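Novice: Read off the chains here:
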Amino acid sequence: MSEDRRALADAVMALLCSIAPEVEPGTIDPARPLRRQVDLDSMNWLDLIVGLKQRFGVEIPESEYARLVSLNDLLDELQARLQPR
Amino acid sequence: MIRFELPSLGADMDEGTLLEWHVKPGDAVKRGQVVALVDTSKAAVDVEIWHDGVVAELLVQPGEKVPVGTLLATLLAPGESPAAPTAKAAPMQVVAPPAPCEPRPAKEAPAALPPASRHAVSPAARRRADELGIDPDRLQGSGVHASVTLADVEAAAARVAPAVSATAPPESGAADRGVEMRKAIAAAMSRSKREIPHYYLSETIPMARALAWLQQRNQALPVTERLLPAVLMLKAVALALRRTPELNGFHREGRFQPAAAVHIGVAISLRNGGLVAPALHDVGDKTLAALMRDLADLVKRARAGSLRSSEMSDPTVTITNLGDQGVEAVFGVIYPPQVALVGFGRLAERPWVQDGAVQALPVVCATLAADHRASDGHRGALFLAELRELLQQPQGLDAPTPDAPAPQASTR
Numbered sequence: 218m219s220e221d222r223r224a225l226a227d228a229v230m231a232l233l234c235s236i237a238p239e240v241e242p243g244t245i246d247p248a249r250p251l252r253r254q255v256d257l258d259s260m261n262w263l264d265l266i267v268g269l270k271q272r273f274g275v276e277i278p279e280s281e282y283a284r285l286v287s288l289n290d291l292l293d294e295l296q297a298r299l300q301p302r
Numbered sequence: 006m007i008r009f010e011l012p013s014l015g016a017d018m019d020e021g022t023l024l025e026w027h028v029k030p031g032d033a034v035k036r037g038q039v040v041a042l043v044d045t046s047k048a049a050v051d052v053e054i055w056h057d058g059v060v061a062e063l064l065v066q067p068g069e070k071v072p073v074g075t076l077l078a079t080l081l082a083p084g085e086s087p088a089a090p091t092a093k094a095a096p097m098q099v100v101a102p103p104a105p106c107e108p109r110p111a112k113e114a115p116a117a118l119p120p121a122s123r124h125a126v127s128p129a130a131r132r133r134a135d136e137l138g139i140d141p142d143r144l145q146g147s148g149v150h151a152s153v154t155l156a157d158v159e160a161a162a163a164r165v166a167p168a169v170s171a172t173a174p175p176e177s178g179a180a181d182r183g184v185e186m187r188k189a190i191a192a193a194m195s196r197s198k199r200e201i202p203h204y205y206l207s208e209t210i211p212m213a214r215a216l217a218w219l220q221q222r223n224q225a226l227p228v229t230e231r232l233l234p235a236v237l238m239l240k241a242v243a244l245a246l247r248r249t250p251e252l253n254g255f256h257r258e259g260r261f262q263p264a265a266a267v268h269i270g271v272a273i274s275l276r277n278g279g280l281v282a283p284a285l286h287d288v289g290d291k292t293l294a295a296l297m298r299d300l301a302d303l304v305k306r307a308r309a310g311s312l313r314s315s316e317m318s319d320p321t322v323t324i325t326n327l328g329d330q331g332v333e334a335v336f337g338v339i340y341p342p343q344v345a346l347v348g349f350g351r352l353a354e355r356p357w358v359q360d361g362a363v364q365a366l367p368v369v370c371a372t373l374a375a376d377h378r379a380s381d382g383h384r385g386a387l388f389l390a391e392l393r394e395l396l397q398q399p400q401g402l403d404a405p406t407p408d409a410p411a412p413q414a415s416t417r
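Chains as they are written, first to last, in my numbering: chain A, 218 to 302; chain B, 6 to 417.
Keep in mind the hints are simulated off the structure, nothing from the lab.
Everything numeric in this text was worked out from a predicted model, so none of it was measured.
By construction, the Cβ of each residue, glycine as well, lies at the ideal position given by its N, Cα and C atoms.
Wrong hints could be hidden among the right ones.
[What the hints assert, rightly or not] Derived CB-CB ranges, DEER-like: (1) B:Glu394 / A:Ala231: 22 to 32 Å; (2) B:Arg36 / A:Phe273: 20 to 30 Å; (3) A:Val286 / B:Gly278: 42 to 52 Å; (4) B:Arg36 / A:Pro247: 47 to 57 Å; (5) A:Ala228 / B:Pro227: 19 to 29 Å; (6) A:Ser280 / B:Leu64: 57 to 67 Å; (7) A:Pro278 / B:Asp403: 37 to 47 Å; (8) B:Asp403 / A:Ala228: 27 to 37 Å; (9) A:Ala283 / B:Gly37: 35 to 45 Å; (10) B:Pro227 / A:Asp221: 20 to 30 Å; (11) B:Asp403 / A:Arg284: 47 to 57 Å; (12) A:Arg284 / B:Ala225: 13 to 23 Å; (13) A:Phe273 / B:Ala386: 40 to 50 Å.
[Unchecked claim] Pairs of lysine to any residue, SDA-like flavour, derived with a Cα cap of 25 Å: (14) B:Lys291 / A:Asn261; (15) B:Lys305 / B:Arg384; (16) B:Lys305 / A:Val267.
Between the sequences and the hints, there should be enough to build the whole structure, so can you do that?
Specialist: As structure tokens, this is what we get:
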């Protein structure tokens, strides 16, 4: 994992923990569906998306939600949107 | 002189612990202002005052656990001067929080309460005892200062009834909140299942139009203003209830009392277990954007444990939405004294026949659990049909619609 990616992962995990305080960061498998591992309802998910916007200035359109299943998917999406085109 | 008493924050509460005062003697307070923080078995609740005035004396100290109805503080009414010795005998004005069956008070509406009970019996316990035909004054109290609590009444009833259920042990002050909350939920739900003749209906509602409309609307908005489908459902339920007022209100004193406003209790699961169902007020009158803000705020505060007393005491109906967890449908247990509970299951694509062809379309299963003492299946079916129609015209849900028919108009 690159350093950028790791920093991004840490930031996303911190955000996730603020939304779902019972989450233990070490126990999340980044390749498995996130919502199978963390109890996130649609309001929590929206909080996460809003948090990413506030933290990184990245707006993820609603139409992309369905693709973002695992933590890795989310990190890929963020990296792609953060890279200068 | 105004008396500020500990209000009941839900049918299952009969005592509370004062955690904190937000005011001190000499402070001027406004109607609706949060003046104290009180811990119930479910949550710490910000308690509002329902009268303008100036705080005269705080009578209960932080850390004290007292029954509902206990005098917490006295206030001077606007213009009133500190009590001269002769004024002492003047009758005191009693200020109660608005009773849940009343519309939100448009102006000050101090309801007269009976004088404090001679023998400490919490109001919830007395009401319950009346319903069960038990004399609460003859019971041994296990509450604060040996007051008779709801649990005491339930225990006495269980001794009389052939039920095998174990009676609750006396409450220990150190009991874990999770246990207390489970007990409070158990008491309310047992009462519901024992007393309310529930009937259940379900209807699968096509959501393609509503979701397409929502998606288009959200596309044009910054992420912080996006709406969740739950908001459309809330608004549609509120509007449908205006046409079927028998589902919105309370069963009290042996009869159904319709409510003029629609305050929807939203079942919110807490992260450490248990749930609360605080009210979103006047849902039918709000725009979707306002509802989304209020819902997000309510969920946040419920999970942070900072709800307001008015939110805890006055929902006129409840919605539970278990769709995010993936269930198809939820048939709820009505929260007394309410008479209906609306449930939503998972919003998902399913095979659906439209224009003579099977297509994959998003649908949601809406359910109604309702009280047969207040309505019949026919009216319940009309409600679900209305709900379905409203969700087919999502743009119509966005306008504030203050033209509510009076609920009395269509009682049978």
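Novice: The structure should be examined with respect to each hint, and the outcome stated for every one.
Specialist: Structure-based check of all given hints:
no., hint, verdict
1, B:Glu394 / A:Ala231: 22 to 32 Å, "violated (45 Å)"
2, B:Arg36 / A:Phe273: 20 to 30 Å, "violated (43 Å)"
3, A:Val286 / B:Gly278: 42 to 52 Å, "violated (27 Å)"
4, B:Arg36 / A:Pro247: 47 to 57 Å, "holds (52 Å)"
5, A:Ala228 / B:Pro227: 19 to 29 Å, "holds (21 Å)"
6, A:Ser280 / B:Leu64: 57 to 67 Å, "holds (58 Å)"
7, A:Pro278 / B:Asp403: 37 to 47 Å, "violated (21 Å)"
8, B:Asp403 / A:Ala228: 27 to 37 Å, "holds (36 Å)"
9, A:Ala283 / B:Gly37: 35 to 45 Å, "holds (43 Å)"
10, B:Pro227 / A:Asp221: 20 to 30 Å, "holds (26 Å)"
11, B:Asp403 / A:Arg284: 47 to 57 Å, "violated (29 Å)"
12, A:Arg284 / B:Ala225: 13 to 23 Å, "holds (21 Å)"
13, A:Phe273 / B:Ala386: 40 to 50 Å, "holds (49 Å)"
14, B:Lys291 / A:Asn261, "holds (23 Å)"
15, B:Lys305 / B:Arg384, "violated (35 Å)"
16, B:Lys305 / A:Val267, "holds (14 Å)"
Checked against the numbered hints given earlier, the structure breaks hints 1, 2, 3, 7, 11 and 15 and satisfies all the rest.
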